[in-house]
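Residues per chain, in single letters:
Protein chains: 2
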Amino acid sequence: MNQSIKEYIVSINSAIEQEDFGDKPQELYEPIRYIMSLGGKRMRPLLSLLSYQLYKDNIKEVIPASIAVEIFHNFTLMHDDIMDNAPLRRGQQTVHEKWNSPVAILSGDVMLVKAYQQLIANSPTEKLTEILEKFNRCAIEVCEGQQIDMNFEEQEQVQEADYIEMIRLKTAVLLGFSLEFGGILAMDNEADQALLYQMGVNAGIGFQLMDDLLDVYADQDKFGKQVGGDIIANKKTYLLIKANELAQGENSIKLHDWLKAQDFDNEEKVNAVKSIYDELHIKTLTEAKMNEYFEKAFTNLEDLDAPSEKKNIIKDFFNYLINREQ
Amino acid sequence: MNQSIKEYIVSINSAIEQEDFGDKPQELYEPIRYIMSLGGKRMRPLLSLLSYQLYKDNIKEVIPASIAVEIFHNFTLMHDDIMDNAPLRRGQQTVHEKWNSPVAILSGDVMLVKAYQQLIANSPTEKLTEILEKFNRCAIEVCEGQQIDMNFEEQEQVQEADYIEMIRLKTAVLLGFSLEFGGILAMDNEADQALLYQMGVNAGIGFQLMDDLLDVYADQDKFGKQVGGDIIANKKTYLLIKANELAQGENSIKLHDWLKAQDFDNEEKVNAVKSIYDELHIKTLTEAKMNEYFEKAFTNLEDLDAPSEKKNIIKDFFNYLINREQ
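Those protein sequences? They're chains E and R, same order as listed.
Using this note's numbering, the final residue of the first sequence is 595, and nothing's skipped along the way.
Using this note's numbering, the final residue of the second sequence is 595, and nothing's skipped along the way.
The set of hints was computed from the structure by calculation and includes no laboratory data.
Built from N, CA and C at the ideal position, the CB exists for glycine as well.
Certain hints may be false.
[To be verified] Pair by pair, the computed Cβ-Cβ distance ranges are:
hint : chain 1 : residue 1 : chain 2 : residue 2 : range
1    : E       : A390      : R       : G498      : 39 to 45 Å
2    : R       : K293      : E       : S521      : 28 to 34 Å
3    : E       : D532      : R       : P333      : 55 to 61 Å
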């Protein structure tokens with residue numbers, strides 16, 4: 270990874286560590302410090318810094334503002350984990366498991382307010398309304414995406430276009446806002462701000478498709494989670510949606526039977542579904558769709574009115590992420 | 270009730286009815302429309318209008334802004350009801366009962382963002398930062414109050430001062446903000462803005478003490494809920510905290526036994542605890558404390574630099590609320 274990106278991540282982590290989230294009652298503030306300390310890639314604030322550096326050099330000045338998107342992201346994780354009954358987050362107990370659901374609901378609520386506080390305290394007054402309007406829209410869309418995702422779990426069939434729209438809302442628009450936010454803080458070129466947003470959305474859809482792929486095709490030694498977890502849980506990923514769409518005859522019956530199976534050996538199910546995916550060339554199809562979105566993101570990047578050497582930092586970072594786990 | 274107040278409430282209700290909260294996915298937006306349509310006194314937006322009319326006449330203009338505090342209030346109700354496992358809200362099913370907890374968590378999250386949207390879209394740009402900073406502080410304090418209230422239920426003893434601080438946070442600061450908000454929208458007199466906030470906080474503490482009293486001493490025919498509900502649930506109200514503090518000898522043992530009792534007849538418990546309250550003059554003590562806060566609120570009102578006939582509208586409204594259910 271590029272040296273300046275490593276330095277950005279160190280600065281982001283240090284700013285998060287020094288953040289005074291609050292004190293009493295401790296049941297409210299300890300979970301916030303806990304989830305914020307679990308790490309992660311710090312992708313969203315990093316994206317704000319990366320778009321800012323396209324236009325300006327004084328990166329340190331926007332680190333406090335960038336933390337807002339990380340707080341917001343962790344608020345969504347804390348609440349999503351309750352809704353999804355998830356026991357673990359980044360290999361550690363989730364907040365509702367370590368404490369309880371009321372604590373996770375309320376700490377999450379406070380985090381959402383803290384995200385606004387962080388945004389408001391660190392945005393220039395003359396751009397505050399614009400920033401908040403865009404942030405509000407993004408925040409609502411993320412919630413819409415989560416609800417649509419939950420709805421999908423109750424549905425027999427999901428269409429490809431609906432799935433792409435769901436991941437756009439649930440995951441991609443926040444990457445879009447994070448990049449756009451850095452751009453708004455740096456300059457006034459509205460065409461570039463819109464391109465930054467589009468780049469984030471396109472890359473975000475690409476990264477989610479990559480996550481869907483990795484769940485099935487990752488190297489178990491390098492992968493943080495159990496390979497095949499989505500298959501075991503019948504999670505409606507791009508791969509399953511595509512397989513449902515394309516499977517015919519015996520494959521369709523086999524896939525359907527595995528989706529309905531109650532008692533099964535995990536490994537057997539993963540291998541069986543995977544071999545259906547292979548016969549249907551699901552990996553290739555997903556890679557094609559993923560690359561289509563990455564291509565769009567790279568085109569957005571090229572179209573920006575910024576120095577090539579600065580754009581290359583973002584290009585290299587995306588390529589690093591794309592190649593890291595494959 | 271004063272004719273202009275009735276008109277304000279009609280205008281508030283009509284603005285809420287016309288509000289376009291959103292459409293799809295319907296699981297996210299129907300619960301918002303549902304809880305917002307359950308009614309209630311619309312006390313918080315009404316307070317914003319009442320403080321605004323002290324200084325300006327064009328009340329209609331601030332109705333959209335005032336709706337923000339009602340949306341925020343209903344967000345807290347939706348989430349509190351999950352945490353408190355409450356089956357009913359204003360006599361109707363709570364959102365997590367009618368739908369489910371994930372829906373109530375996520376719809377609540379969207380409502381919090383919608384409260385910000387409503388505030389941002391309807392506040393003058395030059396006052397936006399100030400308004401948002403005060404709103405953020407208030408929102409966080411309301412969450413702190415809810416957490417402290419939940420903590421109290423796990424504690425053997427609660428001190429009077431801690432209880433007053435809890436209800437200040439959980440209930441009173443939002444009434445304070447609602448009044449201050451109307452003041453900020455109307456004028457620039459910071460001393461008056463601070464007095465409006467104080468008036469709301471003092472009145473809010475008074476109203477909560479009144480609620481505690483009514484739960485035990487209300488006329489069942491007029492009271493919306495079951496009289497004695499707090500006693501049955503061992504809810505740590507001002508009355509119980511005061512009784513715990515003052516009970517000695519046999520009264521102390523009896524009270525303690527009733528608090529520990531597992532199987533009991535509801536009516537018998539309510540009557541027994543009530544007779545301990547009576548022996549300890551808890552009603553008189555609570556009324557004295559409540560009136561102390563109402564007096565403070567009325568002094569705050571008197572100190573405002575506004576026309577007496579306008580102040581009298583607020584005075585009459587508070588007196589109407591104070592005398593209505595007693």
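Numbers of the earlier hints that this structure fails to satisfy, in rising order:
Violated hints: none; all satisfied.
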